[in-house]
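Asks: Protein chains in written order, with the working numbering: chain A, 1 to 399; chain B, 1 to 399.
Keep in mind that the hints are not guaranteed to be accurate.
To be verified - Derived DEER-like restraints, expressed as beta-carbon distance ranges:
no., chain 1, residue 1, chain 2, residue 2, range
1, B, Leu10, A, Glu136, 55 to 63 Å
2, A, Ala221, B, Arg161, 43 to 51 Å
3, A, Leu10, B, Glu297, 47 to 55 Å
4, A, Glu136, B, Asp380, 53 to 61 Å
Derived from the structure by calculation, the hints contain no laboratory data.
Everything numeric in this text was worked out from a predicted model, so none of it was measured.
Think of the CB as a built atom: it goes at the ideal place given N, C-alpha and C, for glycine as much as any other residue.
Listed here are the chains, written in short residue letters.
Number of protein chains: 2
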Amino acid sequence: MPEINADRLLGDLYALRRIGEYKTGVHRPSLSPEDVRSRHWLAEKLTAAGLTAELDGIANVFGRDRSPGRKLLMGSHIETQPHAGWLDGAMGVIYGLEAARTLGAGIDVAAWFDEEGWFGSFLGCRSFCGQVPDAEIDTAKRRGDDVPLRAALDQAGLQGRTRVQADPSRYLGYLEAHIEQGAELELSGDRIGIVTAIVGSHRFRIVFEGVQNHAGTTRMARRKDAGVALVRLATAINDRFPAIAHERTVWTTGQITLDPGSPSIVPGRAEMVFQFRDTEPAMLARLGEELDVLVAEANRGPCRVTLVRTGTTAPSTMAASFQDALEAAAARHVPGKYQRMPSGAGHDAQILAGIMPSGMLFVPSIGGISHHYAENTSDDDLVLGCQVVVDAAAALLAG
Amino acid sequence: MPEINADRLLGDLYALRRIGEYKTGVHRPSLSPEDVRSRHWLAEKLTAAGLTAELDGIANVFGRDRSPGRKLLMGSHIETQPHAGWLDGAMGVIYGLEAARTLGAGIDVAAWFDEEGWFGSFLGCRSFCGQVPDAEIDTAKRRGDDVPLRAALDQAGLQGRTRVQADPSRYLGYLEAHIEQGAELELSGDRIGIVTAIVGSHRFRIVFEGVQNHAGTTRMARRKDAGVALVRLATAINDRFPAIAHERTVWTTGQITLDPGSPSIVPGRAEMVFQFRDTEPAMLARLGEELDVLVAEANRGPCRVTLVRTGTTAPSTMAASFQDALEAAAARHVPGKYQRMPSGAGHDAQILAGIMPSGMLFVPSIGGISHHYAENTSDDDLVLGCQVVVDAAAALLAG
C-alpha cells in the first residue's frame, strides 16, 4: 500500500493552524478574513498537488483530479467554531489533500462551506447536493454580527460565481475523516473509529407563557410563573427520557431564558432550547411522542406551553463497503485497536450520504474535548488516521 | 378634619408623570436626566408650598417645615423601575406635599433617592439613617450602564453637598403611602390597606459547576450538566417549600443563566437568582435551613453547587399607633372597606422604621399590576388615599 508523507501532512496541518491562530486553537468564522485566506491557501495547495482548484459561488473549495475514471471524493470543512480547535474539519480536508498526493490519481478534494453553521445548516455540502435554493442564500445572516451571506460572498469576490453541483456518476462515493469530539476511543484505548451511522437530531424551542408579576406582592397560589413551569418540564424530561433511551441516546437543554429576568419579578415568559439525538429513526420518533405527552401534561398547569420545532436532521447510515474498507485498513495497522461506533455529532458526510455511498473515520480526541481551543489529537494518531484512510481509499478505488 | 384639594393633588401627579413619560407610564432611572429634572420640579413645588427645599449630597429631596414643634415626616421615592408605572413612589411623595399644603404646618416631606435600587439598596433613606458609609457610594454603579454613582452625582451638580442625617428628636415618626403593587385589595373589594409589617427578604445566587461538553458526543451517563443540576434544585425548592410556608410566604427564581448557552453544548456552568420573603423572622430562618438542606442534597449529584447569599433584609413592623390612626381615618371615610395587611414589597418605611415609629397606607393597584407601564390606580382611590393619610397625619400631630 502507498505510504503517506507524515512530515508533509503535519506541516500542512500546522501551517493551516496559523491562519486565525487563537491560543492553541483557531478562530476562523465562515467568510471572516482568516477563513477566506485559508480557502485560498488550500486552493494553492490543491493546485500544487496537481488538482484543478476552484472556489465556487458558496465558498466551497474543490480540487478535481484530471485523470480518467471514477473518483473518490474526500474532504470536510475548514472554518471553525468560535475560538475552537485546530483539527475540527481541517484534518479531514488535509487528509484528502494528502490522499491525492499519495495516490496520484482518483481523489477529488472538497472543503465544504460552513459546516459549523455560522450562516445556516450545512450550506456548502447541501448546495453541492442541490438542496439550497437561492432564496435561502438571500436571507442567510452570520450569527453574532448579522452580516448577510450575500455581502460576505461579495466581499470575498465569490458573488456571481456558479455553485458547483454534484455529478454522482463521477464518484464511487464520499470519504471523510474527522476528530471524534468525544471520549469513547480514548476511554476504550482504541485509536481508530469506524463510523456506522451519524445521529439524527430533533431540535426545539419550548415557550412558556404565564403572567409577569411582583415577586413580593403576588401570592404563590395566584402566580402563573413561566420559570416554574419551565424547570418542571425540564425536570420531567430528565426523569422520563431515561426509561425510553438507549445507551447512546442523548438530550440537552442548552439555553434557558426567563423574561424579564429580574430578581424581584415573577417571570411572565420563559424559553428553553432543547434537542435530542439518536441514530435510529424509531427512537427519535418515540422521544418526540414522549415530549408531546410531557408538554401536554405541562399545559394542565397555570402556564401555556408551546413546542416549536426548529429543526430536524434524519440519521444517516454509512455504506457497508466503506465501513469494511476502513476496518480492513485499521486491522492491518492497529489490530484490535479500533471500533465501529456511531457519530453523535453532525458532519458533512450525513448530507453526502443522501446522494452517494459514504464513509467516515474518527481519530481520538484527547480528553474528548472539542469546540474549545484545547481540542487536540496526538501527532501519532494524526499520521495513523491518515494512513488508514488512504489505504481504505486505495482499496475502494481498486474496487 | 381639613380637606385636601383633589384637583391640585391629581394635577401634580399628572405633571410629574410627564417627566420621562413612557406609554401610559414613566421611565426615570435614578439620576437620569429625567430623574434629575423631576427632583428639581419637586423642590420647586415644596418651596411653593412654604417648605425649605433642598437636594442633598445623595439626591434625596427634602422639604422642611419652618414652624416650631415636632414634625411628621412623609414621603416615598420618585425614580422608577425601567418603563414602569407613574404612581410607584411618586404617589407617596405628592401625598406628603399635599399634606403639607393642607395642614399648613407639621409636615416634612422627603423623596428618598434610589428606592428602586439602580445603584444599590435603599441608598437614600439608609444615608438619612446613617447607614451608608462614603466607601459604599465610591463603589456604587448604575445597573445597565455601569455609570459610577459619584460621576452621576457630579453631573447632577450634587457632588460635594452634605448628606442630610436624621434628627429623630425632630420627628413624631414617618408616614408613607404607596400603591399596593398586588391584587389583595382589588380581590377583596377594599379601598385602603393599612400595613402591619413589611416582609424581610433573603436573596441568593446559586452557582452550579459541571463540565462543558459536546451535546452530541457525550453520553448521558458521563455528563456533568450544570443546567440539569439547576432545574432539579429549582424543582425541589418548588416541591418542598410549600410544606413549610405560610399562605403569604413567597419565593421566586427571577433569573437563570446556562453557560455557554448554546443549543449543542452541555452547559458547564449555570446560575439562578433566588429569593424568599416573609414578615416573620422565624419563617425566614426555617426557609434558609431548608434551602441549605436542598443544596446539600444537590451536591450529592455530579455538579458542585454553591449558595451565595447576596442580600438579607429583616422584616419590620409598623408602629401600632400609626396603624390605629390610619385605621380610624379609613373607618371614617370607607367603613368596612379597608384591611390590615402585610407588605410583600420592600419600601423606604422598612428602613425608617429602624429609627422612628413608622406607618404605611396602601391604595389599590388595578389588576395588581406594578413594575410595568400599565400600572394604575383610579382617580377616586388616589383622592381617597390622600384624604385618609392626611386625616391620620393630622390625628398623629394632634397627639
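Asks: Between A:Ala221 and B:Arg161, is the Cβ distance one that fits in 43 to 51 Å?
Replies: Holds - the Cβ-Cβ distance for A:Ala221 and B:Arg161, about 47 Å, lies within 43 to 51 Å.
Asks: Range hint 55 to 63 Å: satisfied by the CB atoms of B:Leu10 and A:Glu136?
Replies: Roughly 58 Å apart at Cβ, these two residues keep to the hinted range, so it holds.
Asks: Using the Cβ atoms, figure out if A:Leu10 sits within 47 to 55 Å of B:Glu297.
Replies: With Cβ atoms ~50 Å apart, the hint holds.
Asks: Given the hint of 53 to 61 Å, check if A:Glu136 and B:Asp380 actually sit that far apart at their C-beta atoms.
Replies: 59 Å, holds
Going down the numbered hints, you'll see the structure goes against none, and every one checks out.
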